[in-house]
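Novice: Go ahead and model the full structure; you've got the sequences and the hints to work with.
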Amino acid sequence: MHEDNRGEADLDFAPPRKGISRRDFLKYCGLVAAALGLDATFIPRIAQAWGGTRPPIIWLQFAECTGCTESFLRSTNPFLDDIIFGAASLEYHETLMAPSGQNATQNLLNAAANYRGQFICICEGAIPTADNGVYGMIGGKTMLQIAKDICPKAKAVISFGACASFGGVAAANGNLTGARGVHKALGGYPTINIPGCPPNPITLVATLTTYLLNGSFPPLDGYGRPLFAYGTTNHENCERKLSCSAKCLYYYGCRGRTTYNNCSLVKFNNIVNTPGSPDGCWPVQVNAPCYGCSEPRFWDRSNFFLYNGHYINACEPVGP
Amino acid sequence: MSSKIVIDPITRIEGHLRVETEVADGQVIKAWSTGTLFRGIEPILKNRDPRDAWMITQRVCGVCTYVHGITSIRAVENSIDSFFTVPENARIIRNLLGGAQFVHDHIVHFYALHLLDWVDVTRAIAATDMDAVVTADQAISSSRTRDAAFFADVKQRLSDIAGSGQLGPLANGYWGHSGYTNLSPELSLIMMADYLDALRIQTRIIKIHALLGGKNPHPQSMLIGGVSLDLAMDESQWSALYSDLNNLCYEAKTFVDTFYLPDVAVIASAYPEYRAIGGTDNLLCFGGVADLSSAGDLMFPRGAIFNRATGSVQAVNEAAITEHVARSWYAGSAALNPASGATAPSYTGLDLDEKYSWLKAPRYNGQPMEVGPLARVMVAYGLGAVPAITQLVGDFLANTGMALSDMYSTIGRTAARAIETKFIIDSMYADWVNELMNRINPQFTTDTVGRVGFTLPPQPTCSGSFLTEAPRGALGHWVSYSSGGGNPQIVNYQMVVPSTWNFGPRDLSDVAGPVEQALIGTPVVNQQQPLEVLRTVHSFDPCIACAVH
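Same order as they appear, the protein sequences are chains U and F. For my numbering, count along the first sequence from 1 and bump the result up by 1. For my numbering, count along the second sequence from 1 and bump the result up by 628.
If you are wondering where the hints come from, they were derived from the structure by calculation, not from laboratory data. Ideal Cβ placement from N, Cα and C applies to all residues, glycine included. Among the clues, some could well be false.
As the list claims (entries may be wrong) - Now the stretches of chain F that chain U is said to cover, found in silico as 3 or more residues with beta-carbon under 8 Å: (1) 688-701; (2) 728-735; (3) 739-752; (4) 779-792; (5) 818-831; (6) 899-908.
Unchecked claim - Calculated cross-link-like contacts (lysine-lysine; reagent style PhoX-like; alpha-carbon spacing at most 25 Å): (7) F:K983 x F:K632; (8) U:K156 x U:K185; (9) F:K674 x U:K142; (10) U:K154 x U:K142; (11) U:K185 x U:K154; (12) F:K632 x U:K142.
What the hints assert, rightly or not - Computed list of chain U residues with no C-beta within reach of chain F, every gap over 10 Å: (13) C69; (14) G140; (15) Q146; (16) G189; (17) L213; (18) G225; (19) T234; (20) P297.
Specialist: Right under this line is the structure:
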């Protein structure tokens, strides 16, 4: 074992001293450009976009597990503090904001009024609609009512995650609360959907970047998903498809062939700056099949890991 | 004369919580805790394959995400445990995933969700002498190497935010409250610097989940029978993984030693009044965080403490657990053991004299019990079975001038969280990474087994349960399923979750839940800014998405 040099060799860690360096920031912008499918000439424009104005963001949390917020917290390109205190202004976010109660609600009302038609509303979680929405209340109002009050005042509504986009786990079979995605709960209100459980924060950042660069949001597919991220399937860019020696997980229940997302391309948790590590991680890398979490109603499509009547057992080979 | 204070929403938590207090003579005399969101995950689990349940239960909470997945897997494994033994490699990988979850959660909680209760950002900006800030910083920990320019930069950042007119998440906090003046401007600036640093450092610690689980939140490498990872590695893959895990644990350990634990000691020293308020009387720990051996040795031992009698820890009996719904929005009134529990929502409106929460009210031996870091640490301390915990508690008390009895408080709870974080990351760095990597080192071994196959048993119905510890406290899952015809289906699934214990409402006997009791006696100097209430509520690290599920 390398007992003698544990924790010393290759250590790239030091508590950040101040805002990230210009070089690091451009590197992150490069990742965003890659997620958007843009070439390197766009990197300076992206850096400029994130360094300029501070668009207000209102983040609403409905019937959720906070996994989408946690995903957002893991943003490293740029880091969260640079987004919420630097590039944008996070006017309302229950998990992160300092004030509580009346003071918090006042922030929401102020931001929605002062930035009417200008703020971006990011929604997390499904909206309970049964029994007039009593299954989800904040400050004495139903989540349904809050969404009805706030969403129409926004410049655009981004549904971040599977629940806000399509209802997610709360809307799976057995749904007693009438949970629905934001688009559906508001009677077809147009939303930009960034589904996934969790959704990738880089897709959110890249969507906001497009808005900052162009003043408009990126083109969407028929489910309201940005085409730059959801235009191809996970299978299309999967390392196991591209390598003859690797074992495709299709026969282990993998849904990568029918799942439109960029997981296999941009991956999660930005592992890139850890020495010796693979270029980002995603479930296939730990031998786990894609379960299709960016597709509508994926929780109910069939058993997970069930293929051709066989329950896929610890990835032991079966079929074809 | 009494008056009511309603805080709705309670923010800087996970999920949706409302707290109402009745205040008389400047003190809280009564409190009500209300979970305001019900998703119905337990009913949604019905009729599904129990081998898929972990995928759904993991969505109970996106913060301590891994824990609900593994607890479900182990409950199902327990229902068929005579059929296989989980391999050692899987046990250790599960420990590493679980340990990383605790370290990450606790750091995020203290800095992102709790620190602004103790630090006034406007006081931080008022610090003028940066050399004095550096001196204070190094007095907190001599390992800190930050200079005056660093703190001037932090101050500038904060000033820019304040001056921009767009304060974002900092807008409209209880700034200027007299309760903040315990902390000097210099210490306030140091704490704000650490708040900003922690937002970045947490992205690194959790990479352990990405390496061993494919992603975070909601890591995906779990399976009934082990873990999905392919542990057959060549030398270069092995070295890369070893280097990554080792470095990430070292970084986390360095942060805990240099920042987290010393910062908690600063708060504990600055706010001595919170050693006397916010405590509860009973503590319950299901034991776990990690299985230290396949023989069942637990990192944190199981036990219950009643009436603050730290020295007399009692054994835990699963049959003594019940959930009441008398004051919750569910049908029925019997207090049921979770093995035969029911979830039948029945909303009747918010009525503090009747039903007022989506949380059920768990009881142990009929008593409300606080669960979480304080319970884990005090049970271990009381049993004297974990020398490292005894030592860490002793050191913390000595450093801050606290007595052991002071641990039953808002500050004690926050301190216990930091103490156990140090114990866990030390174990991960010193032991678990090497334990795993030695086993799968291609130079010396061919033990690459991380999973075993299994078959479902032939009997028509099966049931299993698993009791463990999530970052926020004692957690249990109970599953029963029919397995006839090779198409197994869940008949009943019940989860009793940490924040359900802590934030549950009154029960059939009208006994208040732990948080409702902990708030009594809290002084409130300004009813428009109930900062004191928030401090105690946040010290429990509320997670209402998990509590109600």
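Novice: Each of the hints needs a verdict: does it hold here or not?
Specialist: Outcome of the hint check:
Under a criterion of three residues with beta carbons nearer than 8 Å to beta carbons of chain U, the stated coverage of the segment 688-701 of chain F is upheld, 5 such residues being counted. Only when three residues or more bring their CB closer than 8 Å to a CB of chain U does the claim for the segment 728-735 of chain F stand; here the count is 0, and the claim is violated. Beta-carbon proximity to chain U at under 8 Å applies to 4 residues in the segment 739-752 of chain F; the threshold of 3 is reached and the given coverage holds. A stretch counts as covered by a chain when three or more of its residues have a beta carbon under 8 Å from one of that chain; for the segment 779-792 of chain F and chain U the count is 5, and the coverage holds.
For the segment 818-831 of chain F, the stated coverage by chain U holds: 7 residues have a C-beta nearer than 8 Å to a C-beta of that chain, and at least 3 were required. A count of 0 residues in the segment 899-908 of chain F with a Cβ less than 8 Å from any Cβ of chain U is obtained; the coverage claim is therefore unmet, three being the minimum. Between F:K983 and F:K632, the direct Cα distance comes to roughly 18 Å. Compliance with the 25 Å bound is thereby established for this hinted pair. For the hint linking U:K156 to U:K185, the alpha-carbon distance of about 19 Å falls within 25 Å, and the restraint holds.
Distance restraint check for F:K674 and U:K142: the Cα-Cα separation of roughly 30 Å exceeds the 25 Å cut-off, and the hinted pair is therefore not satisfied. Restraint check for U:K154 and U:K142: satisfied, since their Cα atoms lie roughly 18 Å apart, inside the 25 Å limit. Between U:K185 and U:K154 the alpha-carbon distance is near 18 Å, which keeps this suggested pair within the 25 Å criterion. Proximity of F:K632 to U:K142 is assessed by CA-CA distance (about 19 Å); at most 25 Å being required, the pair is judged to hold.
A cut-off of 10 Å between C-beta atoms contradicts the statement that U:C69 is not in contact with chain F; the least separation is 7 Å. A beta-carbon of chain F comes within 10 Å of the beta-carbon of U:G140; the shortest separation is about 5 Å. With a cut of 10 Å on Cβ distances, U:Q146 stays outside the contact zone with chain F, its closest approach being about 13 Å. With 10 Å as the threshold on Cβ separation, the claim that U:G189 sits away from chain F holds: the shortest Cβ distance comes to roughly 23 Å.
No beta-carbon of chain F comes within 10 Å of the beta-carbon of U:L213; the shortest separation is about 16 Å. No beta-carbon of chain F comes within 10 Å of the beta-carbon of U:G225; the shortest separation is about 22 Å. Against the 10 Å criterion, U:T234 stays outside the reach of chain F, whose nearest CB is about 18 Å from its own CB. Annotated as non-interface, U:P297 keeps its C-beta farther than 10 Å from every C-beta of chain F; the closest such distance is 16 Å.
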